[in-house]
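2 protein chains.
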Amino acid sequence: MTLDETMLAIGEAARDGAGALRDASADRRTAAIRSMADAIRAHAAAILKANAADLAAATRHHDRLMLDEPRVEAIAAGLDQVAALPDPLGTEIARWQRPNGLDIARVRTPIGVIGMIYEARPNVTADAAAICVRSGNAVILRPGSDCFASSTAIHAALAQGLEQAGLPPSAVQIVPTADRAAVGALLSGLGGTLDLVIPRGGRSLVERVQAEARVPVLGHLEGVCHTYVHAAADPAMAAAIVANAKLRRVSICGATETLLIDRAALPMLAGIAEALDGCELRGDAEAAAIVPMLPAHEADWRTEYLAPVLSIRTVTDWKEAASHIARYGTGHTEAIVTQDAATAEAFLGQVDSAIVLWNASTQFADGGEFGFGAEIGIATGKLHARGPVGPEQLTSFKYVVRGAGQVRP
Amino acid sequence: MTLDETMLAIGEAARDGAGALRDASADRRTAAIRSMADAIRAHAAAILKANAADLAAATRHHDRLMLDEPRVEAIAAGLDQVAALPDPLGTEIARWQRPNGLDIARVRTPIGVIGMIYEARPNVTADAAAICVRSGNAVILRPGSDCFASSTAIHAALAQGLEQAGLPPSAVQIVPTADRAAVGALLSGLGGTLDLVIPRGGRSLVERVQAEARVPVLGHLEGVCHTYVHAAADPAMAAAIVANAKLRRVSICGATETLLIDRAALPMLAGIAEALDGCELRGDAEAAAIVPMLPAHEADWRTEYLAPVLSIRTVTDWKEAASHIARYGTGHTEAIVTQDAATAEAFLGQVDSAIVLWNASTQFADGGEFGFGAEIGIATGKLHARGPVGPEQLTSFKYVVRGAGQVRP
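In order, the protein sequence lines correspond to chains A and B. Using UniProt numbering, the first residue of the first sequence is number 1, and each one after it goes up by one. Using UniProt numbering, the first residue of the second sequence is number 1, and each one after it goes up by one.
What the hints contain is simulated information worked out from the structure, not anything from laboratory work. Heads up, some of the hints might be wrong.
[Said to hold, decoys possible] Covered by chain B, per the in silico footprint, the following chain A stretches (three or more residues, Cβ under 8 Å):
1. 378 to 386
2. 391 to 402
[What the hints assert, rightly or not] Calculated Cβ distances over 12 Å to all of chain B for the following chain A residues:
3. 59
4. 87
5. 176
Yeah, the Cβ is synthetic: ideal placement off N, Cα and C, and Gly gets one too.
Only chain A is shown next, with the shape it has when bound in the complex (with noise of 0.2 Å):
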């Protein structure tokens, strides 16, 4: 078979696999779900092993590719998790009546079948996976060629985990090759099998994924996030939560890349800076005045680091900030610090990116910390779902109405 064939074969068999999810009671999925945690933690040296085929091979992003037995467990404790979820299916969003008698509910159900196209986190492997099986749909998983081994190891051991609960494998498959095509097919829909696709990673993938698909996508941009420290910020908070927003975990997407300080709060920058040891920073003229730094420039603003480095700018008011965040931001996540509620609701009001946060830190852009229980990322569109995409972000809806013989006049 060629790649093409090979790939409308994994979409046929998706679109069974979508049919045998739906039809399946909620508490089969969440067997499935269950037994493929089990799965995973009895395949841990398999997939560590393959693990380390792929950081041997990897010239970059260790810290999001390396495995290790906690983090393997720490995927199968995450399914454990989305198992306990409750199943979204069939639940009633709404209900009303109308005059006439009409009995209108607004049911979830499946959208069907979810292209998953993602880089260099092996662990999204089984997150995707776990959370598509929760709210009805089959995925198609296209990891990156840097976690395509440990990848398909997980993989292995969820189709063992789908199996045994007596669910068919074409409810989660993988693309059998790193061959980049793949990609191609996934975006050309699959002669029609695909409802959905979800890139998950840099901005060459999603922009590509943007431009060439012909099905819906689910875009998770990149998060150059912004952390912007008011005139009337607690100082002490300022440092704490610049530093948390920072230097918590560099390389999730919810890390502040750009810290905006007023001119009236730059007294405070020196505190802050000490906060954030280790970090380099790249700043603007005046934050340069006060703490030694490299000078920033015009495509720092625009980058996600990823890394323990911080772009500093500085502002007259909330204004210019919003201003800054709406040019040079992503549509992530932005965290305003201030003891001033007027001025802090005027900024979560007109920044529009999916979250926006006062006085607590960046790094709390999560689906976990949201209480969604799990999430396959944050979604920086304003279509369908928007911030972190957990199993209810997963569902459409439809109408079901009850009468009694009603006609329309």
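Model the placement of chain B on the given structure of chain A, informed by the hints.
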């Protein structure tokens, strides 16, 4: 300016218009819609004159295209209704507290700039404009050549109304040419300024949009809707519902095009046919053995007649009816008529269309009938919105997180 330059300029202006709409108060958006309604009434003569020109040139769809004084008044009254709807922006869809004290709110926001591509129905010009203003979105209207003069006349009234309320005309624009190349420009996304395209028209339009669009599409596919008469149907109710579903208004997308009837229910067919007085029937051999009718061919099962024509197919049970719908339907609206609750619930659960009804006419597929106040169409896709699309369905949301200095462990 070339057409492409004109379209890009329209997109740029729409971005500004979206900002003005978003920053306007709910009261100002309400005032603008009321003022648009008044302007429609004041421009009635000009609108009817333009409509006469469209009608003289038209070779089809006269019922959809035709305006008279009552229909112009109905357009104005529709605007008044939208003005009276609650403003969705800024409303909290959900709000909850996390154990760490973070307060998370999900708040409605506009989508941005919407491109509306439609055919034959001049009233869509006003409906779409009002719903977009209500939801804070700028809109670029692209009527088909068949309703171009009527739509342009309606738009002139709307623009005057907007201006009187202090909102810029860039919030509601119309493409100044019936050249089909303008559709291509919209589908390209106008240099990134377009957030969503909504096609509303025949299959060829929607398929072109879905194939070419570089921006998200909220698809309004044609409605090949079904009414299924189960063996346990009440015969009088079945006749009344089928007749209403087919004949109340044959040119709307929720009109039933195919009657599926249980073999055991065929004795009801004579009574149903009597209620369908004046309707051409095309059936399979079993149906034609009860009531004389033309033979139905394969193409009939896929056809949205939009005319007093009904295809009739005999089925064994609800499962065969559901299979027929899955194969030939467009995912729009389907009804079951039965007194047997268990069969009804099985059908409602299995059939995956935007709207499924039990003992009610498919012609209830309408935003007004659902209580949404207004709609710009019935979405047949599964993403973002499904079924009637009113102001709420044209919003996005963001998460507003309020903290007290929380950092992530």
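We went through each hint and held it up to the structure:
Three residues within the 8 Å Cβ limit are the bar, and the stretch 378 to 386 of chain A against chain B gives 5, so the coverage statement holds. Residues of the stretch 391 to 402 of chain A with a Cβ under 8 Å from some Cβ of chain B number 7, which satisfies the need for three, so the listed coverage holds. The Cβ of residue 59 (chain A) lies farther than 12 Å from every Cβ of chain B, with a closest approach of about 30 Å, so its non-interface assignment holds. Every C-beta of chain B lies more than 12 Å from that of residue 87 (chain A), the closest at about 14 Å, which supports listing it as non-interface.
Taking the minimum C-beta to C-beta distance to chain B, about 28 Å, the non-interface status of residue 176 (chain A) holds against the 12 Å cut.
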